[in-house]
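Once you have looked at the hints, place chain B on chain A.
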Amino acid sequence: MVRVKFRYLVVNFLYPEPSSKSRTDLPDLVQIHSPTPDAFNAGALVRLIRDAVEDLYGDYGSGMVSSSLKVNYYSPSTSTAIIRCPRDHYEMVWAALTYVTRLPKVDVPVVCRVLRVSGTIRKAEEEVIRRSQNIVKRAKAWEGRGADPMLSSVEKNVEKERKREDVLAAVDQGEESEEMSE
Amino acid sequence: MFHDLNVPWPGAGADAVRELQRTVAFLDELGYDVVALTHTYSGKLPSELTSPVPNPLSFPVPQRLRVLRRCNIFLTDSASNFRIPQLQQHYDLVAARPTDERTLQQACHSLDVDIISLDLTRRFEKHFKFPMLGAAIARGIKIELCYSQGILSSDPQAKRNLISNATQLIRVTRGRGLIFSSEAKSVLGIRAPSDVINLASVWGLGSERGKDGLTKEPRSVVEHARLKRQSFKGVVDIVYGGEKPVSISKDKQDGKSKAKNQNEKRPGETLESAPARRTEPKQVPKREQKRVKKANLEAAAAAQEAA
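Chains A and B are the protein sequences, given in the same order. Heads up: the first sequence begins at 29 in the working numbering, then just goes up one per residue. Heads up: the second sequence begins at 894 in the working numbering, then just goes up one per residue.
Here chain A stands alone, though its shape is the one from the complex (with noise of 0.2 Å):
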């Protein structure tokens, strides 16, 4: 018996562009990998992803792509996911996601970056957690160093925003730390 095969892609999501709704200055580095809007599911990203091949290759594309094309996992905090798609035509949907500029839905500017392409979904996995790894033990070198300047900036920039709406002081403080530590 033999299997029908796929490639998965892991893929991140970036925001290099700040969104006109937040008036923060945040640093530039927490700003291209803050989460993805909750309102943009997973549904919504395979919509997306179809609309890209078809805008770029028209119905052959589409046709040739969508038969096996699904999302295997998501993750709005990181921005991370994975997306199966046939093996004949991977560089088909890696090339739509390339073309992506904007989120629909949420209206958010977006740049989508292919992280790995593999052939089994195992090695995909493994690649998504080494990253959320790398990205713990970032936050936790920071926090050992003590004042980091990213994280001061950070702070100051909340303590800014506090001071323009003093109403919502009191409840912010540990939403923000979580979004921190991701």
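Careful, some of the hints might be misleading.
Here are the simulated distance ranges between beta carbons [unchecked claim]:
id: 1; chain 1: A; residue 1: Asp135; chain 2: B; residue 2: Gly1097; range: 28 to 36 Å
id: 2; chain 1: B; residue 1: Thr943; chain 2: A; residue 2: Arg115; range: 49 to 57 Å
id: 3; chain 1: B; residue 1: Gly1099; chain 2: A; residue 2: Ser103; range: 42 to 50 Å
id: 4; chain 1: B; residue 1: Arg1119; chain 2: A; residue 2: Ala167; range: 51 to 59 Å
id: 5; chain 1: A; residue 1: Arg130; chain 2: B; residue 2: Thr933; range: 49 to 57 Å
id: 6; chain 1: B; residue 1: Gly1099; chain 2: A; residue 2: Ile149; range: 24 to 32 Å
Covered stretches of chain B (in silico footprint by chain A; criterion: 3 or more residues with CB under 8 Å from a CB of chain A, positions within the stretch not fixed) [as the list claims (entries may be wrong)]:
id: 7; segment: 916-924
id: 8; segment: 1081-1087
No wet-lab data here; the hints were simulated from the structure. The beta-carbon is built from N, C-alpha and C at its ideal position, and this holds for glycine as well.
Below, chain B without anything else, positioned relative to chain A:
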């Protein structure tokens, strides 16, 4: 070592600088190592050619990143003078953007630029020819493909033209001497190196060649340009010249040479510049000897006559 040799310089306003800082941080995050900020001269060249890009930049640059300065000149008229030697003094890289067949030929065959960068969003009326582009590649000039126009542009015709021109260039040059760069007007036009390599392979360039177009070829451009400016005739460059000797004795020599200068010696014959051999007492030439001898004899004869 990934290179992006075309990031437009947005100007010196506060907003523009903030935008540029964001762009540079994003490039660093994506894994680029060398970035060139481009200033474009459109129309006639001004009399003052100094680069508007400050050195160092007005914001902190990530440690790993190397920032170069580059200028683009539009070749609209093949007869005009582009003053490339002056441009080379002020910029690390000089790129030419030909607008028609004749200027493209001029850039390929005779112009002393580092990169030929074509506007791929327009339609060229003639096909590219290998002999012309091959001559440029043989001279060490690379041909640049800017991908961000195809991603950001809202005009579908521009996207189509970019893809068709890119595939044509890849076919004509046989995949040699191509470099990929972004020319991104905003941060969103920049893509990670692996994504660009995939795009190249979709356009018909193998992924190995695509990787060369981001690493090896641009590096050769950068190093070639650097050697042209710094080294002796582009052949010999001093990497480490050793430390200067302690300059105690130099003061003495300076005093001496000054004294010599006062003694109405030519400045070229000072102790420092002349080799050591020359400073020994000079041999009197034979003709001079003869003349002196003759003069002595005459003087003696005159004395005898007078006596």
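Given a hinted range of 42 to 50 Å, is it respected by the beta-carbon distance of Gly1099(B) and Ser103(A)? 34 Å, violated
Determine whether the Cβ-Cβ distance between Gly1099(B) and Ile149(A) falls within the hinted range of 24 to 32 Å. About 28 Å separates the Cβ atoms of Gly1099(B) and Ile149(A), which means 24 to 32 Å holds.
Can the suggested window of 28 to 36 Å be confirmed for the beta-carbon pair Asp135(A) and Gly1097(B)? 34 Å, holds
Status of the given 49 to 57 Å range, CB of Arg115(A) versus CB of Thr943(B): 54 Å, holds
Note whether the CB distance of Arg130(A) and Thr933(B) lies within 49 to 57 Å or breaks it. This hint is violated: roughly 27 Å between Cβ atoms.
Range agreement (Cβ of Ala167(A) with Cβ of Arg1119(B), hint 51 to 59 Å): 39 Å, violated
Can the segment 916-924 of chain B be counted as covered by chain A under the rule of three residues or more with Cβ-Cβ separation shorter than 8 Å? holds (count 5)
Count residues of the segment 1081-1087 of chain B with a Cβ under 8 Å from any Cβ of chain A, then say if the count reaches three. Three-residue rule met by the segment 1081-1087 of chain B, so holds; n is 5.
In summary, the structure is inconsistent with hints 3, 4 and 5 from the numbered list given earlier, while agreeing with the others.
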